[in-house]
Structures are given as C-alpha cells and as structure tokens.
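Listed below, chain by chain, are the residues.
Protein chains: 2
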Amino acid sequence: MIYLDHAAATPVSAKVLQAMEPYFREKFFNPSAAYLPAKEVSAKYEEAKNTIAHAIGAKGNDLVMTAGATEANNLGFTVLEPGDKALVLETEHDSVRRIITQNRQFSTRSHGEFIGVDETGRIRLEDLRDKLDDSVKLISVSLANNELGIIQPLAEIAEIIREVRFDRLRRGVKRPILFHTDASQALNLLNINVARLGVDMMTINAAKVYGPKGVGALYVGHEVRLSPLSVGGGQEKGLRAGTENVPGVIGFATAITEAQSHLNGNRKKYAKWKKLFLDNLNDYTLINRGKTLDNFIVICYDGLDAERLIFLLEERGVYVATGAACAASKGVGSHVLAAIHLSASKIAGSLRITLGETNDETQIIEAAKIINEVVDAERKRVNG
Amino acid sequence: MIYLDHAAATPVSAKVLQAMEPYFREKFFNPSAAYLPAKEVSAKYEEAKNTIAHAIGAKGNDLVMTAGATEANNLGFTVLEPGDKALVLETEHDSVRRIITQNRQFSTRSHGEFIGVDETGRIRLEDLRDKLDDSVKLISVSLANNELGIIQPLAEIAEIIREVRFDRLRRGVKRPILFHTDASQALNLLNINVARLGVDMMTINAAKVYGPKGVGALYVGHEVRLSPLSVGGGQEKGLRAGTENVPGVIGFATAITEAQSHLNGNRKKYAKWKKLFLDNLNDYTLINRGKTLDNFIVICYDGLDAERLIFLLEERGVYVATGAACAASKGVGSHVLAAIHLSASKIAGSLRITLGETNDETQIIEAAKIINEVVDAERKRVNG
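Going down the list, the protein sequences come from chains U and E.
With my numbering as the guide, the letters of the first sequence map in order to residues 1 to 384.
With my numbering as the guide, the letters of the second sequence map in order to residues 1 to 384.
Incorrect hints may appear among the rest.
In this list, chains with the same sequence are indistinguishable; a pair is considered to hold if it fits within one copy or across any two.
[As the list claims (entries may be wrong)] With a straight-line Cα cutoff of 27 angstroms, these simulated DSS-like cross-link-like pairs (lysine-lysine) come out:
no., residue 1, residue 2
1, Lys269, Lys27
2, Lys274, Lys27
3, Lys39, Lys237
4, Lys27, Lys59
5, Lys274, Lys59
6, Lys274, Lys346
7, Lys27, Lys369
8, Lys346, Lys137
9, Lys39, Lys346
10, Lys369, Lys39
11, Lys44, Lys15
12, Lys59, Lys44
Because the hints were derived from the structure by calculation, they are not lab data.
Computed from a predicted model, the values in this text were never measured in an experiment.
Same shape as in the complex, but just chain U (with noise of 0.2 angstroms):
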C-alpha cells in the first residue's frame, strides 16, 4: 500500500497513542469531579493545553478545545452579531464557506462575502481591500489551502486589517474586524505563532498531525467575544460544554508537539520527496505552482478522468485524492479548482497526491511509476 492522501486523514503515530492509552482506562476520571485522582487528569489536561498553545505561541487559557475542526471553524464565526459581515476566501474549506453560504444561523443575523484568489489560488489583496467597507467583522483565509496546499501570506493580510483597525478607530467606528485562519493543513510543514501571523483566532485539529480524529481547537484572542455552540456544564470557561475528552487532548498535546518539532526535518523531506516524485512523473501538468506545502501535489492529466484515475491506482494499492475528501464523496467538483479558472476537463482531470509519514523513498519512485502505467494505459484507452 502507498498511501498518497494525507491531506484527508493521518494515522495516529505510536508516539500519542502510547501518550493516550492511560487515559481510557487507568485515568479515566472526569475532570471535573471533586477526588484527587480527577484533579490530576484535571491538571495533565490543562497541561495538554498548554502544550498545544505553546505549539502555536499561545497560552493554554487562550484554546477552546473542540471536536476537530469544523467546529472550532464554526466557532469562530459565532464572534458575528446581526449586521455583521464576514469576508471568506473562496477557496476555504466548506466548514468555513457552508457558514455563510447554509447556515441558517448565520444567515437571519449577519451575511457574508467570498474573497477572490489568483490564478495559484493565492488571496488577491486588492479584492480583499475592496470588500472591507464599515459592516465587515470577521475575515477568514486559511493559512494553507487544503486542496492546492498554497500558503496564504497572512501577515500581509493581518497588516492591512491593522490599517482597516486604525482608520475604523480614528473615524469612531464601533465594530472591531477580527482575522481568522484555519490552519489544520499547515501545522507539519510551517512554523506556527499566532502573534507573528497576527491572526485574532486560529483553528487547529489533531487528526491532521498524526493525532486522533475528533479533536481540535480554537485559538481565542483576548479580544474575541464568542457564543457557545453548544450550552451545558461550563467547561472550556462556558464556550464549550460536555465532558472533557482528555484521551484526545493529551494526544494532541504529543501529535502537534511532534509536527512542531520536525518543521525544518519535514521541510527538507518532503520538498525532496516531491522534487523526486515529479522527477519520475512523466508528461503530468503541474497544478500547484507558487508557495505552497511542500507534501502538496497537485497535477492534472487534462482528458482523462481522475475519478477512474483513483480507481486504477486503488487497484495497484496506490491512494491517492481528486480534492478534499468531503467533497469527492459527494461528487461535486472542486470549488477550488473553479477559482483558480482551471477548466472543467482539468478539473476532472486532477489529482492531489499529498505526502506524509507513511511514505519513504522507495514508495515515493514506485508510486511515480504506477501512476505512469496507469495513466499511459488509460490514455491509450481513451484515445483509441
């Protein structure tokens, strides 16, 4: 098996599930309780806490855990109040574009707006800049596209909220303007600190980072008023009710720590392994051009049809993805690949291959060369 979608799902590594056993059986207090027993999973949970924040430069007290990220995502935008707007890049993923585009919440109180990208999916500031009148709140661009694996530049973007919040200011206009990023993609490959990228929230999720599914955060700065999702016994300081699940966090907690730790390892690795795949790849388009994640490669066979792509390869235990896992199960075509003008037959034609910590090498030159086989067989096919 040569598993290229890590983009969608990573096994949790040995390292947090070791970190996690403790916590199903032996320590399986609840944190909340009054005995001594519960008020030490009480402390290693606040400690895992603090290990995540640390990870992004953040502070324990400054993180709602959540159960992955959509709902940190959807969190995050409950900081809108009626009137308010919401400026979304068109490329995020559809936990953050559905809340304004379905939401029913959202959509009696406040409304949104999408931000175009560029020809690499790259946010295009100037379109940014004219969509920032006096009722936007809340901008949310991800720190790395889940589809192309393009790095945003935030701090330009945080840079020119910084503008929008001083002028709001000297004018005596009331309503504050808060970045968002989704940043799940990003935490292998990119150093990570929540001042530097001057995001006011920020979402992260362990099963990204060879940590549990079910297992996320949001980073919430000093000056960020949310609502709860969801109302109950008080934990997370009231914004997110239900029994801590400490097994998850602590995983976490060892997941991002690791993913923290080997940025500049992993860099190294996975330009090298990409540069390698591509070099074995033969008469493939590249998709995702610019400053992108160094495990993301997009590439594109225009005539062929990647759906049947994915099948092939599947039978030749190679794994690969059209785009974001969600999407594909339901058969729409990317949005993404829409935005940045790629045409309907190379969008059905596209591939992302997304590497991690189950490939190596070797894998990396075979799965070149079946990709080869299959796509020169399937051309052949197609073209009589």
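Starting from the structure of chain U, add chain E where the hints point.
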C-alpha cells in the same frame, strides 16, 4: 481505590479499547475518501452506527453522531423555531437546562419553561398538563436523572403528548409537539427502545457505558427537522459536519452492545450491591427513593459538610460525589436536590454514590465501613 462515581465517568472497558485500537493506526482512513480501504472504514463506521441504533430499537440512519451528550442535547433543541416553547424538567442536566436559561441563540427566538417534580424527583404530570399550551413544540425529560437516578415515566408522558397531538390535529393547530429524552445515565440498566418509550429524540453517550469520552449520538425520529450546530463537509446527512470519529463510534458500538446485553445481570447485581451497601451503612438518610436506577445511592448526613466528607473519604481511597461533576466543580448547590425540596443543610450533607463495573462485593462492604468511620469521626468533630 474504591471508585463510587460511575455516573461521572466510566473507564473504557478492555473489550471497547480492543475494538477501537485498529482504527487509530491501521484503519485510519477518512471515511469520505474514494479508495477501497477508506470505503471499508466507512462501511465499518455505518455498521457501528447500526449497532448503536439497534441497541435502542432504531436504525443507523436515525442517528446523528456527536461529540457527546451535551452536543446531542443542544442539537435536539435546534428543532425550535422562533415563537416555539420548550418544556424542560427542572431537574435536567445543565446541558438541557441551560439551553433555555443561558443560550443566546435560544433566548432570541424561543422560550422555555420548567416542569416541576414531586419530592422523589419524579415529574409532576399535572404540572406538565397545565403548561402544555399550543406554543409548546418540545418536551425534554431525561429517562433517569443524573443525580438521583430516578426513572421518569416516559411512556406516561408520551401518552399525554399523544393526546395533545390528536387535540391539535382536531383543532387545526399546525405546530408539532415532540418528545426528547436524555438517556445517558440509563443505558447500563434499562432496556431502551425509542418506539416503546414513545420519544421522538433521544440522547445517548458512550462515556457513561464504559465507552470513550467525546462520543455521543442523538436519535432523531423521522418527523423531526433539525438545524446543524456546525456546517461543513456534509457528514451525518448534513446535520453534524466534521470528519467522523471512527474509533470513537466503533468503541461506542461495542460499549452499548455490552451494556444492553447485560441489563438483567447488571440490575440484579447492582440491586444486591445497593442492599449490601446500605445494610452495612450506619445512620444515614436515603434521599433517592421510588423507582431509581439500581446503581444510584444518594444519602444524606444532615449537619455534616459533604464536600469535607469527599475530601476525608478520598484520603481513605474512596471516591464519591456530591452531585453532577460539572456542577460540583463550580461549587454551586445541587439544583436537583433543591427541586425535591431538600433543606439547604441536607443538600450540603448529601453524597451521590454510583456503583459500577470497577466495584465488587468486598469493595462495597469496605466502602460502607470506611464511610461509617469517616462520618462518625466527623460527627464527633462537629458536635465537639
């Protein structure tokens, strides 16, 4: 260690952990991905949902998986639209109560009222009848209370609701009337069947049945229309976005199957242990009477401080609670014990003891002995 707080948390059983383990590392694929191993994971996930649903007399398609009971309760209440009223038992868990007292979204569009209980904590059906005006769309009554273990007469409530439904139909009142129950505490001891109980929605929770924390579900009857709390990749039929917590749901399936297949044995065992415990206990007042879960024992030592008793018992290795863990951590008196008109001094002297799978007969006798000693010493200290 003698752990007597199984209503707050249960350890993951060995069998459950074993069922979960392959899904952390080997079978880690995103269930939405297009290739075969991911589809196999997806099939196992759906199979687990079917198993969970089957345990409560439902189908997998009727379940929305959540991150726990709190989220499931909150999701259930999204059935309310502007102008709708909810009736909630005053002794419900905070994750139900606070939806109507604290949730900003709720209060701007709907309103809620409490239904009273009698001195045992049982619903006052005449109070329910009195409050059932045409604005009521939702009634929420837990199957078994989380502090007293008192079992509510759901079938009787459902019968009243059925009458109201007919009456509304006859009078041309369009508003539906729906019945929700939080069954989290009951899964180990009561045979649960949504049809027989007559409920339209039911909250269940893995963490109370020796399954993992952070996993729950809402059973949603066919006539119920909910709004998602979080939107995104369209998972759970669009009602709960986010990559599925595959290991968690697999674990829940094993846990609930275990719980529901040992009901008779569990009931006999806990009834016997409860009697054994009380037979060995001196000079206590039993607070939870009537039809209660066999593993719930609420006792009162009037004039003593239960918080201090917890601390003294902890020093002897016995772990008990004053009430719900999440309430205890905030140092507020129990709203449940207040609702059954216990005096402040009795509330302050009450302990909740919940037996479970970590116990055995020797522990039960030993715990009673230690509690007797601690209470005796404390009474001497207090009375000089």
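Now for the hints, and whether the structure bears them out:
no. : hint            : result
1   : Lys269 x Lys27  : between (37 angstroms within a copy, 25 angstroms between copies)
2   : Lys274 x Lys27  : between (42 angstroms within a copy, 25 angstroms between copies)
3   : Lys39 x Lys237  : within (17 angstroms within a copy, 38 angstroms between copies)
4   : Lys27 x Lys59   : within (24 angstroms within a copy, 34 angstroms between copies)
5   : Lys274 x Lys59  : neither (35 angstroms within a copy, 46 angstroms between copies)
6   : Lys274 x Lys346 : within (21 angstroms within a copy, 69 angstroms between copies)
7   : Lys27 x Lys369  : between (48 angstroms within a copy, 26 angstroms between copies)
8   : Lys346 x Lys137 : neither (36 angstroms within a copy, 50 angstroms between copies)
9   : Lys39 x Lys346  : between (56 angstroms within a copy, 26 angstroms between copies)
10  : Lys369 x Lys39  : between (55 angstroms within a copy, 25 angstroms between copies)
11  : Lys44 x Lys15   : both (17 angstroms within a copy, 25 angstroms between copies)
12  : Lys59 x Lys44   : within (15 angstroms within a copy, 38 angstroms between copies)
Violated hints, listed in ascending order, are 5 and 8; each of the other numbered hints is respected by the structure.
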